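Novice: Make the full structure from the sequences, and use the hints.
Residues per chain are reported as follows:
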Amino acid sequence: MRQTPMAERVALAVRDLAVQFGSEQGVVRALDGVSFDLHAGRTLGIVGESGCGKSVTARSILRLIERPGIISGGRLLLDPGTAEETDLAALNPDSRQMRAVRGGRIGLIFQEPMTSLSVHYTVGNQLVEAVRQHSTASAAEARARAIELLREVGIPRPETRVDAYPFELSGGLRQRVGIAMALAGDPDIVIADEPTTALDVTTQAQILTLLKRLQAQKNISLMLITHDMGVIAEMADEVAVMYLGRVVEFAPVRELFAAPRHPYTRALLRAVPSILATPRQRLSTIGGAVPHPGLRPTGCAFHPRCGERIGAVCMERIPAPVPPGQAGASCFLEEVVAA
Amino acid sequence: MNVLEVQDLRKHYPIRAGLLRREVGRVRAVDGVSFHIARGETLALVGESGCGKTTVSRCILRALTPSSGAIRFTPGEGREVDLATLPKRQMRPLRRHIQMIFQDPYASLNPRMMVGDIITEPLKVNGVPAAERRERLMELLDLVQMPPAARSRFPHAFSGGQRQRIGIARALALHPQLVVADEPVSALDVSVQAQIINLLLDLQDRLGLSMLFVAHDLSVVRHVSDRVAVMYVGRIVEIAPTDALYRAPLHPYTEALLAAVPAPDPTRQQRREAARGEVADPANPPPGCAFHPRCPYAVERCRVDRPELTATESGRWVSCHRARELDLAGVG
Amino acid sequence: MSATAAGDPPASKAETRFAEATQLQLTWWRFRRHRLALASLVIVVLFYAVAAFADFLATNDPHATDARRSFIPPQGIHLFDENGFNPHVYGLRGVRDMRTFKLAYAPDESRKLPVRLFVRGYDYDLLGLFPTNLHLFGVQGAKPGEGIFLFGTDQLGRDLYSRMMVATRVSLSIGLAGVLLSLFLGVLLGGISGLYGGWVDTLIQRLIELLRSVPTIPLWMGLAAALPNTWSVTQVYFAITLIISLIGWTDLARVVRGRFLALREEDFVVAAELAGASQGRIIFRHMLPSFASHVIAATTLALPAMIISETSLSFLGLGLRPPAVSWGILLQDAQNIQVLSGAPWLLLAAVPVTVVILAFNFLGDGLRDAADPYG
Numbered sequence: 001m002r003q004t005p006m007a008e009r010v011a012l013a014v015r016d017l018a019v020q021f022g023s024e025q026g027v028v029r030a031l032d033g034v035s036f037d038l039h040a041g042r043t044l045g046i047v048g049e050s051g052c053g054k055s056v057t058a059r060s061i062l063r064l065i066e067r068p069g070i071i072s073g074g075r076l077l078l079d080p081g082t083a084e085e086t087d088l089a090a091l092n093p094d095s096r097q098m099r100a101v102r103g104g105r106i107g108l109i110f111q112e113p114m115t116s117l118s119v120h121y122t123v124g125n126q127l128v129e130a131v132r133q134h135s136t137a138s139a140a141e142a143r144a145r146a147i148e149l150l151r152e153v154g155i156p157r158p159e160t161r162v163d164a165y166p167f168e169l170s171g172g173l174r175q176r177v178g179i180a181m182a183l184a185g186d187p188d189i190v191i192a193d194e195p196t197t198a199l200d201v202t203t204q205a206q207i208l209t210l211l212k213r214l215q216a217q218k219n220i221s222l223m224l225i226t227h228d229m230g231v232i233a234e235m236a237d238e239v240a241v242m243y244l245g246r247v248v249e250f251a252p253v254r255e256l257f258a259a260p261r262h263p264y265t266r267a268l269l270r271a272v273p274s275i276l277a278t279p280r281q282r283l284s285t286i287g288g289a290v291p292h293p294g295l296r297p298t299g300c301a302f303h304p305r306c307g308e309r310i311g312a313v314c315m316e317r318i319p320a321p322v323p324p325g326q327a328g329a330s331c332f333l334e335e336v337v338a339a
Numbered sequence: 001m002n003v004l005e006v007q008d009l010r011k012h013y014p015i016r017a018g019l020l021r022r023e024v025g026r027v028r029a030v031d032g033v034s035f036h037i038a039r040g041e042t043l044a045l046v047g048e049s050g051c052g053k054t055t056v057s058r059c060i061l062r063a064l065t066p067s068s069g070a071i072r073f074t075p076g077e078g079r080e081v082d083l084a085t086l087p088k089r090q091m092r093p094l095r096r097h098i099q100m101i102f103q104d105p106y107a108s109l110n111p112r113m114m115v116g117d118i119i120t121e122p123l124k125v126n127g128v129p130a131a132e133r134r135e136r137l138m139e140l141l142d143l144v145q146m147p148p149a150a151r152s153r154f155p156h157a158f159s160g161g162q163r164q165r166i167g168i169a170r171a172l173a174l175h176p177q178l179v180v181a182d183e184p185v186s187a188l189d190v191s192v193q194a195q196i197i198n199l200l201l202d203l204q205d206r207l208g209l210s211m212l213f214v215a216h217d218l219s220v221v222r223h224v225s226d227r228v229a230v231m232y233v234g235r236i237v238e239i240a241p242t243d244a245l246y247r248a249p250l251h252p253y254t255e256a257l258l259a260a261v262p263a264p265d266p267t268r269q270q271r272r273e274a275a276r277g278e279v280a281d282p283a284n285p286p287p288g289c290a291f292h293p294r295c296p297y298a299v300e301r302c303r304v305d306r307p308e309l310t311a312t313e314s315g316r317w318v319s320c321h322r323a324r325e326l327d328l329a330g331v332g
Numbered sequence: 001m002s003a004t005a006a007g008d009p010p011a012s013k014a015e016t017r018f019a020e021a022t023q024l025q026l027t028w029w030r031f032r033r034h035r036l037a038l039a040s041l042v043i044v045v046l047f048y049a050v051a052a053f054a055d056f057l058a059t060n061d062p063h064a065t066d067a068r069r070s071f072i073p074p075q076g077i078h079l080f081d082e083n084g085f086n087p088h089v090y091g092l093r094g095v096r097d098m099r100t101f102k103l104a105y106a107p108d109e110s111r112k113l114p115v116r117l118f119v120r121g122y123d124y125d126l127l128g129l130f131p132t133n134l135h136l137f138g139v140q141g142a143k144p145g146e147g148i149f150l151f152g153t154d155q156l157g158r159d160l161y162s163r164m165m166v167a168t169r170v171s172l173s174i175g176l177a178g179v180l181l182s183l184f185l186g187v188l189l190g191g192i193s194g195l196y197g198g199w200v201d202t203l204i205q206r207l208i209e210l211l212r213s214v215p216t217i218p219l220w221m222g223l224a225a226a227l228p229n230t231w232s233v234t235q236v237y238f239a240i241t242l243i244i245s246l247i248g249w250t251d252l253a254r255v256v257r258g259r260f261l262a263l264r265e266e267d268f269v270v271a272a273e274l275a276g277a278s279q280g281r282i283i284f285r286h287m288l289p290s291f292a293s294h295v296i297a298a299t300t301l302a303l304p305a306m307i308i309s310e311t312s313l314s315f316l317g318l319g320l321r322p323p324a325v326s327w328g329i330l331l332q333d334a335q336n337i338q339v340l341s342g343a344p345w346l347l348l349a350a351v352p353v354t355v356v357i358l359a360f361n362f363l364g365d366g367l368r369d370a371a372d373p374y375g
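Residue numbers (the working numbering), protein chains in the order written: chain A, 1 to 339; chain B, 1 to 332; chain C, 1 to 375.
Keep in mind that a hint or two might mislead.
Derived, one-sided and incomplete: chain C residues facing chain B with beta-carbon distance under 7 Å [stated by the list, open to error]:
| # | residue |
| --- | --- |
| 1 | Ala19 |
| 2 | Glu20 |
| 3 | Gln23 |
| 4 | Asp267 |
| 5 | Ala271 |
| 6 | Leu274 |
| 7 | Ala275 |
| 8 | Gly276 |
| 9 | Ala277 |
| 10 | Phe284 |
| 11 | His286 |
| 12 | Pro289 |
Quick caveat, the hints were computed from the structure, so don't treat them as lab data. Just so it is clear, the structure is predicted and the values come from calculations on it, not from any experiment. From the three backbone atoms N, C-alpha and C, an ideal C-beta is built for every residue, glycine too.
Specialist: Structure representation (structure tokens):
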């Protein structure tokens, strides 16, 4: 692992990522110019509701988007600013280089532990395959590494569990295996796509603790995708809030919760039910519903539901995107304040 | 006055094996559950997967037949009746008094029926004349804040939150005495969830609803319920008024649940991880107290003796041998 | 806060249309976009139109034999002659083969028979009700034995084109009758099986498996051989329909049973039960409409199987018998390789079979996709 100062080095820089899907109704823009930095050794939380594009972002980074979806613009810079800077968006998704990146540099933890592991192979088989994909280990060495990985993710008696089939394990154990799979290639970046949404709450707590521990131990840059503001508060160092394919706010986590800059963030925080609430406490709501990405509103995507509109400009023009590397919001209110 | 009294409810599923399909074990999905719901009160039933809360709700609705136990239901004007032992035929006239709000807004509305017909179906089936049905439909649409034009549209025209409103309107059509809400907001986005939670709170106030709220999300439960019953592997481990439960839980499992929920506040102290291991298997629960392998406070007695749900101070029940000695941490 | 407050723009006309569209309309809109399926629908409709108006489209009496005009090759219609646009065919004249001394007809280019629309020809009953002798097109001024033979003639001198028209009627209607019977049996037994479960379900499923495991061709052969020779054409027709439906209903029954089992657990069905709806209402109002589209799709895909069954049976001589006319019977004439080498146009009967089977398959696929885009 490198020893450069943490907050300075950017492990992955996403610039103006645009992804669209062709459908019978026409072209749907799932991502409409997404930019953010993932700093080395830190956790970036990506939060948003359905249709905001957070899962599409994760899959685009790993070039897992299939037809009829394509990346229609932008750059995905791995190791930006260094001699080995690579634009993943420009690579052929089936190329050896990209396959080396998948798992070897960037690992992915899926939401559903039930479906992300193959039912036909034992846990050990799948781990060994992942290990050997990214190293020159022999079969025996890979098996030893697999058992080691299972131990690292907190699975009791890994020497026996390594020969279990996924359906023999509980949901929590399966997700630990999923984490082990993501780490098998020894990546320095891990993307976790809603890793705890399908789990019980006590299991969720264990998995989150595990992720935090592993990140610190291995100095991993973690991109955590979720819709749960509580998880964000607990895990993230920096947060990108997404809405309808755009980043509407980016800030360090404490700033985001203490002084949110974007009306959507403000409304979202007021709408989240809290375990600390008083009984019968009403929540403040956001009117309407998230529009279908194919029926994107003109101008600012949030303006039809925004309680803080400042005038015709919100409907006519798209606010400037948040410049990567800084805290800010993509909103005309911000521009007015800054001016 | 209690609208519902559940006593020692059990639902067991036999596990059969071998050529002759002999019973080799049982899944004790619900294993002796007792609680009551007072009129106008919302009781939340919380727990993780396999705890049996959904099974309890289905037994109350008689979508499942309980293995044993009593479910004493008192419809407003009638006398008390035990739903558990009632023959299925006799359930039909009682159905109008207990209605359900479903979890999945996309599966709970017949895609081939107009919204107006969906909402008034319970009325039609129970012999309400057409003119009255029309009037009631307008009332209900207004109650759930849906526009009148919705009645001639089909479900596919509506979002998840709107469909859930339609489902709620249908559930309320017959002025039911008891509403069973089975995870009504867990399939919705955060911003929509807030709308439905507010709607439920409004309806509780306006109609004095008695509600059984089945959920796994403790944050939602805190907003919506008057009392909370916590279930683990088919049994209730604690019942208490909401505030009391959250501030000062009496059962270690409740403490673990509360500690595990991430709160949307980054300045909050890192929580204690209060439960090790995995949720127990209802087909093969640990001996003694089912929670003891995971409990940080377990002693020898807990491995041997199964604790019973006993009353403590007013209104609180807990099933733990060490309830009086332990000082557990709640959330503010 | 209202569900349609602040945010939503007023519903556009298109949105309202979408919102108020029934499932049937949605299905039709989805189906319309499927070009191949739409074209197949048109083809199928055309075929049934031919079946309805078979005699109107025919030119010669399908049953009239004349040994002298056997194996005449297909006659092209010549559109122009020295006088301009004048569709015509050539007449026939007798020619004695000098080796066999048999008299046969051959085209006589000196005689031109004009081909016109709406001519009078042989007698028939239009749609089975109205006696007439009007035909879509034909020749005028023909001598006995002459006529227009678009697809040539067979060994007995019968016009293949006219026979194909009439065959269409028989083959398509037998398929239809068979499918309707299968539909009835399939929905009834499959429904009972899925709704009640238990030993009824087990019994019916084992019966289905039993029927399906019997090898079909020997079964048909046995049953067809059991039909008395003395039976009339009509009786044989209905008996064949019954035989084909005997197996055909099993597929549909399984589909129906599967849908019932799945639907029983659906939330909206449970909701209806909880509201106090009767069993009857639940079946007819909630469950049946839900799988109607599946059943229609499955039926549309069952039709080609029926048609192939009849064609195969008749081809093997086990199904319909002459003087009935069906595609299978027409193809019977093409079994003999010697005959075929001399008169290859007899194979033309295979073309409509192939086209209609393909069309039904595409149509059924399109219907299935439109009815259930996710499954």
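Novice: Given Glu20/C was flagged as interface, is its beta-carbon under 7 Å from a beta-carbon of chain B?
Specialist: For Glu20/C, the interface hint holds, since the closest Cβ of chain B sits about 5 Å away, which is under 7 Å.
Novice: Identify whether the interface hint at Ala275/C stands, where standing means a beta carbon of chain B within less than 7 Å of its own.
Specialist: 4 Å, holds
Novice: Against chain B, with CB atoms and a cut of 7 Å, does the hint on Gln23/C hold up?
Specialist: 5 Å, holds
Novice: Would the stated hint for Asp267/C survive a check requiring a Cβ distance to chain B of less than 7 Å?
Specialist: Cβ of Asp267/C sits 4 Å from chain B, so the hint holds.
Novice: Quick check on the hint: Ala271/C CB to chain B CB, less than 7 Å?
Specialist: 6 Å, holds
Novice: Have a go at the Ala19/C hint: is there a Cβ in chain B nearer than 7 Å to its own Cβ?
Specialist: 3 Å, holds
Novice: With a cut-off of 7 Å on the beta carbons, see whether His286/C makes it to chain B.
Specialist: 6 Å, holds
Novice: Is the interface hint for Pro289/C satisfied, with its Cβ closer than 7 Å to some Cβ of chain B?
Specialist: 5 Å, holds
Novice: Go through the hint on Leu274/C and say holds or violated, using the shortest Cβ distance to chain B against 7 Å.
Specialist: 6 Å, holds
Novice: Phe284/C was flagged as interface toward chain B. Is the shortest Cβ-Cβ separation under 7 Å?
Specialist: The hint is violated - Phe284/C has no Cβ within 7 Å of chain B, the shortest such distance being about 12 Å.
Novice: Under the criterion of a CB-CB separation shorter than 7 Å, is Ala277/C in contact with chain B as hinted?
Specialist: 5 Å, holds
Novice: Holds or violated: is the Cβ of Gly276/C closer than 7 Å to a Cβ in chain B?
Specialist: Constraint on Gly276/C satisfied, holds at 4 Å.
Taken one by one, the earlier hints fail for this structure only at number 10.
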